[in-house]
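Using the hints, position chains B and C against chain A.
Residue numbers (numbering that gives the first Met the number 0), protein chains in the order written: chain A, 0 to 708; chain B, 0 to 441; chain C, 0 to 312.
Since the hints were made in silico from the structure, they are not lab data. Some clues are possibly wrong.
[To be verified] Result set (EDC-like, lysine to aspartate or glutamate): computed pairs, CA atoms no more than 20 Å apart in a straight line:
(1) B:Lys219 - B:Glu64
(2) C:Lys3 - B:Asp204
(3) C:Lys255 - B:Asp113
(4) B:Lys440 - C:Asp100
(5) C:Lys137 - A:Asp117
(6) B:Lys384 - A:Glu436
(7) A:Lys452 - A:Asp327
(8) A:Lys344 - A:Asp368
(9) B:Lys231 - C:Glu158
(10) C:Lys306 - B:Asp267
(11) C:Lys162 - A:Glu436
(12) B:Lys143 - B:Glu183
(13) B:Lys85 - A:Asp522
(14) C:Lys188 - A:Asp522
(15) C:Lys134 - C:Glu107
[Unchecked claim] Listed next, the stretches of chain A that the computed footprint assigns to chain C, with coverage defined by at least 3 CB atoms under 8 Å from CB atoms of chain C:
(16) 201-212
(17) 519-532
Quantities reported herein were computed from a predicted structural model and do not represent experimental measurements. The beta carbon of each residue, even a glycine, is placed where N, CA and C say it ideally should be.
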Amino acid sequence: MGLFDRVFRGSAEMYAKAEAELTAAISELGESAPMKMPDTAYFLSCIYAFLGKKVTTLGELRDALAEIQSKMTTNQRLKDVFTSGIGTAMAAEVIEATKYARTPTPYDGTDYHGHFSDAEVRELGVPLVTRDIPGFVVIIDPAPTDEEAVALIKGYQARGIFVFLIGGVIDQALRGGISMGFPVRVVPVGPDIWAVGHIISLVERAAMIFGAVTPGDWEAFTEYSFHRIFAFVNAFSPVSDITVACGGGAIAMGFPVITNDKDDMWAVPKSLIIQPDTTDFIETSLEARDIKIKVTNIDIPVAFSTAFEGEIIRKKDMRVDINGARQDCFELVRSRATQDVEDHKIILDGPDIDKFPEGGAMNLAVIVDVYGKNMQSDFEPVFERKFHSFLNCVEGIMHTGQRDIIRIRVSNAAFEAGFRAKHFGEVLYSKIKSEYEAVVDKCQVTIVTDAAKLKELRAEANIAYDKRDMRLQSMTDETVEVFYNCILCQSFSPSHVCIVTPERLGLCGAVSWLDAKATNELDPNGPCQVVTKKRPIDERTGAFEDVNEAVQKYSHGALEQVTLYSILEDPMTSCGCFECICGIEPASNGVSIVNREHTGITPLGMTFSEMASMTGGGVQTPGFMGHGKHFIASKKFLKAEGGIARIVWMPKALKDTVRDRLNKTAKELYGIDDFVDMIADEEVAEDAEALLEFLAEKGHPVLAMEPLF
Amino acid sequence: MALKGLDIFKLTPKTNCKDCGNPTCMAFAMKVAQGAVELDKCPHLSDDVKAQLGDATAPPMKKIEVGSGDDKFTLGGETVLFRHDKTFVSKNFFATWVCEGCFDGKLPLIEKVDYDRLGERMYVEFLNVVFTGDVEKYKELVAKAAKTGRGIILDVGDLDAAKAVIDAAGSRVILNGANASNYEAFSALATEKNAVLGVSGASLDELYDTVAALEKLGNKNLVLDVTGDTVKATFANAVQLRRAALKDNDRTFGYPSIVNLHKIAQGDANMQTALASLFVLKYGSIIIMDEMEYSQALPLYGLRQNIYTDPQKPMKVEPGIYPLGGADENSVCVTTVDFALTYFVVSGELERSGVPLNLLISDAGGYSVLTAWAAGKLSAGSIAKFFAEFEIESKIKSRTLVIPGKVAVLKGEIEEKLAGWKVVVAPNEAVELVKFFREFKA
Amino acid sequence: MPFKQVPQKFNAKINALTIGVGEKEITLGGENVFPFYTFDAPIENSPKIGVEISDLGAYTDVPGIAAYYAGSDTLPEIAKRASEMPGADFLAISLDGAHPDNGNRSVEDTAALVKSISDAVDIPLVIEGSRNIEKDAKLFEKIAEALQGKNVLFLSAREENYKSVSAAAAMAYGQKIGAESAVDINLAKQLNVLISQMGVKTESVAMNLGSAAAGYGFEYVATTFDRVKSAALAQNDNMLQMPIITPVSSEVWTVKESIVSEEDFPDWGPAEARGVSMEISTAAACLAAGSNAVILRHPESVATVSKLIADLM
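Next comes chain A alone, as it looks inside the complex:
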């Protein structure tokens, strides 16, 4: 028999039970007997929610039950499974309600909680909405052993998951000495499967209270629970038909069911999961419902605070010195498949700090493996760069550098306090999980101190670094799907918007396309948003309709349009934190670039600060443009005006900074060798006359170019 038929059979069973109980109650109390659940303004809330009916008497309840039956259709379609499943939940509510028709306190004197008051719904609802309680589990029927039951409940408790128990598992919890009740977040709801009616009632009331969902709007309720209520079910073998039917309802509401029952069971991806090993229930369940557990504390024997960021550990205070320049040391983040990462596992491979000579050298590598559904390998370097500030915040640890040129010192005091190699793992685990919650589901740290292994691993790490660098270099504006904007500077330059592309980094020099991308994924409402590039207007100047729309939106209307590659036609604006300003030098038809550090005059007759005053503030000034140093050697720099061949003047120091890359670009674009030597600087020219003379002498390519205007 198929899964569908088991659901239909179970739902018929639940209905029969409900009808019997209701008939008995009516014959005992009469049709007009009041039907009211205690301390709620939402009637029988499953029925109220799904059918929009306000039941106040047993007679009305009988009418409602008839309508419930009409929803329990049995066509071999998924839709029927869902409506029958929810019908089962409503029938369960009817069964429980008949108890309350007789007395408002049917569970007094038992271990069971029964109905939840509106106050309890709100009390649980608030932390569920805020995700302070990351979700709740409904555990049905006894686990294979008492120990497994206790371990499972405690495991959920440790992760802050609210636990509802139904049936035999309650007795196991009692025998295991687990303290239960609403305040400790473990609630024994009732002895029979129809106790689920109380839990679904709670869910639907949450939807009405917190989601303002309209009673009777069936789809809105399932929609709400799917998106907003992070619940799931653990059902132990053997699972009865009636439980399977309840499971159908759970799945219809978006709650996955995890079971260890393999007989007569059919796995449905993301919804019905067969996990034979009950010790893996928690991890399987959390992953199925996409629940991430927040990590807040860092388990280390010394303090962790930004106040220690600037600590310097002197040689005499140092227990060990970890120095990538002398030993094989490195740091590496790898994104891995889910089965290769065990959350919060910290492995030490090799001797610990105490085995190394006092005040001497130590070799050490930190490999952080992360898995996440939204993790991308592009985030690896973003995380890695943060190691520096994470580890520096540890009292008694000094950290500099990255990749395989790291240098870490552990102070004697930290060592005395008990700081050991695994604590590097604890710090990185906690920080990566908490700061990158949006993309990291699991994180595992391996600390290697075994010299022999390190040599090999370092070589592997270098391959990974090279691969990343290659990717960065090969990335062009054409090869990516989207750009990003950045409005980090708007607090002091209200109308400025940066458009960040692979070949044009932010003008402050600090935000690359990858940084912007990571910022966006990690903080989806933050300062960097996706800017599509689907509707190009002019490839030459780098104009896009999508980019213009983004600029209008994020400048709050102050800017209409920008181009990415032109200095004359709608050039990109600047906030004021540009590393460099580039301005047209009319005598030569070229441009002059001056960096912030250069205080002298340029051949334009203006200094950096004079140019800054007219270029900054989000104002478009054709002929002038702020940009990052890195952009100078880009093939997109002034592309619309002919590219880097327009550069006629730069301060000497800036020339030296960009020399190699600029020469390379010039060679590739124009086949010119040593292009930088053709560019004048403050030593040869500070006015237009001297500049022209110099350019003529060097045969600068700009002299053969079209006039700029």
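Using the frame of chain A, we list chains B and C on its own:
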């Protein structure tokens, strides 16, 4: 739409002759575009070009100068309605309303409220001297008022009286008396005496026509008195004038404004404080009040200084040692940046803590802590340099220095550079400082 | 040729947010023009004034305030007196005594105290927090429960606690909340987006964009308000169309100008006059820049600002 610098450059001789005082034609053109230099400074522009550029480069709101030379007052010249669109350029001025009978009583306060705030002199810049009927007495009063060294607004609708006193008013004078019926004669007088002419009208339409007529006479040296019968009308006038000029490009209303609170809130000092604040934000160029008490000056001048700060150039405080809460050479040192807002907030919290502390302000380019740090303006090196320049170690005996929590990262480096100093990291937020210092053990 | 007036009436408008119930309920916002630009289009709801008291009593360190509350001893009496201050549209209660460093009154006791205040007054209530983010989340939940049906506004939900405040105050008990950010349009917008993503209706949200006393970086306040109003009206940005409520008093009564004594600064004259003047000036500037409600303490300030609003409407 204002012309871009590049468009102007195209029409210059491109000879870099430097006759305009700028090293290149490009620099000149860019400054013209910014409104920082007049087109006329270039002697080589043809009349055609001048005519072509003149209209486009003329600011939508005229810059009016009261007086000349170093002590002139500059009004108007605004290009935007909101400071975030660029910046406001000419701060508003305050005036005290004086009359024959009340001048002597008001004089001591006029002289008393005269102080410095962040390098700016705060005082009543103008006296509005009202004519009450007796020309001789008026002349005496104007002479007395002029002796205070303030700019003079002659609040007079009588041409003969105006003629009689204008010479006594000194060189910085606004003749505020022109209206639809007398503008020709007043304009002639103002022009003759090189005075700015104040114009008013019974309605915006009348004012508009009068200004247009004055412009036709060639007088564009005007300020417009927008004071109406009520608070509401006055506010509406002030906004509409400025908006017409800057947003709707109607240059007829492109002049600075006078708002006379004596007329709409006479005798109610609190209401005048409220209204003056309103008009500092919304388009009053000269705000006339009955008096300027110290209690009014403190918020109003502070507000004005804030609103007229260029968003690109934050206010700075002078580097130095600021002893707070009765601090002496043994008191602990606290350091932060010279960004005025940071200084005010931090010094306020430190004073509230009641703990004697030496606040050390070093030159950090006028940036906030994190911005200064990111820009390299606040570093262990910059602090060490400040310590050397200001000879801190010889002036202060304490060897404890508290640094901002946001630059905790500098602690080690500062300790390296300042031998013998104990560097302590403060909390991240200023609001936590009071608690921090009350519990602080040096 | 007459002056050609070009009214600036926008298609978008500021959300109208009602707080309180019954006859004395008030509505903030609803306009489609810049602040006080009644010459462009009528403004239906004038800006409102709140009178602030502390849960520890009135702010009696200022003589004029002390005199006003003389004879009112219990908190409900003080609240009632505050609610009767000429010009008061709503009552703002600052929960100073619940701050962990300032008595740390329990959540339950504070909720009971606020309930006693609520029972004593008939004007709308604004509940300001204790200035401790964690405590506020708990306080607001309990108070929201205790004041069910009173339609009160909670100040504030911040980036750190907006989830709890939204869930507890706005969602569980249907009250109104203010989203507080630090004088920055993008932070303000981000917080509004986050709150609406929680499922809180934008019509239930006001904004506290932060403030500063006149002279203390007020340019940031003015510019942020200007930009928010422009974005809301000209750009129809519905994540910035919430009305602005600005606690002025807590900013102005702590600055040097308001607190140093006349003995220390004889030129400056009495401290109280300075404080009142700071409060009036800052409030007027906030209103001119776009506040739909300001919170004040001194009876003189309330009277003056109330007259200012009336004169401009």
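Exercise for review: Compare the distance between the alpha carbons of lysine 85 of chain B and aspartate 522 of chain A with 20 Å, and conclude whether the hinted pair is satisfied.
Suggested key: violated (30 Å)
Exercise for review: Measure nothing beyond the straight line between the CA atoms of lysine 137 of chain C and aspartate 117 of chain A; if it is 20 Å or shorter, mark the hint as holding.
Suggested key: holds (18 Å)
Point to revise | Pair hint lysine 344 of chain A and aspartate 368 of chain A, alpha-carbon separation not exceeding 20 Å | key: Distance ~10 Å between lysine 344 of chain A and aspartate 368 of chain A Cα, so the pair holds.
Review point. Residue count check for the segment 201-212 of chain A against chain C: does it reach three with CB-CB under 8 Å?
Key: Contact hint for the segment 201-212 of chain A vs chain C: holds, 4 residues under 8 Å.
Check your understanding: If you draw a straight line from the CA of lysine 162 of chain C to the CA of glutamate 436 of chain A, is it 20 Å or shorter?
Key -> holds (16 Å)
Exercise for review: Verify the proposed pairing of lysine 188 of chain C with aspartate 522 of chain A, using a straight-line Cα cut of 20 Å.
Suggested key: holds (14 Å)
Exercise for review: Given the hint that lysine 384 of chain B pairs with glutamate 436 of chain A, test it: the Cα-Cα distance must not exceed 20 Å.
Suggested key: violated (42 Å)
Check your understanding: lysine 255 of chain C and aspartate 113 of chain B: Cα distance at most 20 Å?
Key -> holds (18 Å)
Exercise for review: With a cut-off of 20 Å on the C-alpha distance, tell me whether lysine 440 of chain B and aspartate 100 of chain C pass.
Suggested key: Given that 20 Å is the threshold and the Cα spacing comes to 19 Å, the pair holds.
Review point. When you check the alpha-carbon spacing of lysine 3 of chain C and aspartate 204 of chain B, does it fall within 20 Å?
Key: holds (8 Å)
Exercise for review: Given the hint that lysine 452 of chain A pairs with aspartate 327 of chain A, test it: the Cα-Cα distance must not exceed 20 Å.
Suggested key: holds (10 Å)
Check your understanding: Are the Cα atoms of lysine 219 of chain B and glutamate 64 of chain B separated by 20 Å or less?
Key -> It holds: about 11 Å lies between the C-alpha atoms, which stays within 20 Å.
The structure fails to meet hints 6, 9, 12 and 13 from the earlier list, while all remaining hints are met.
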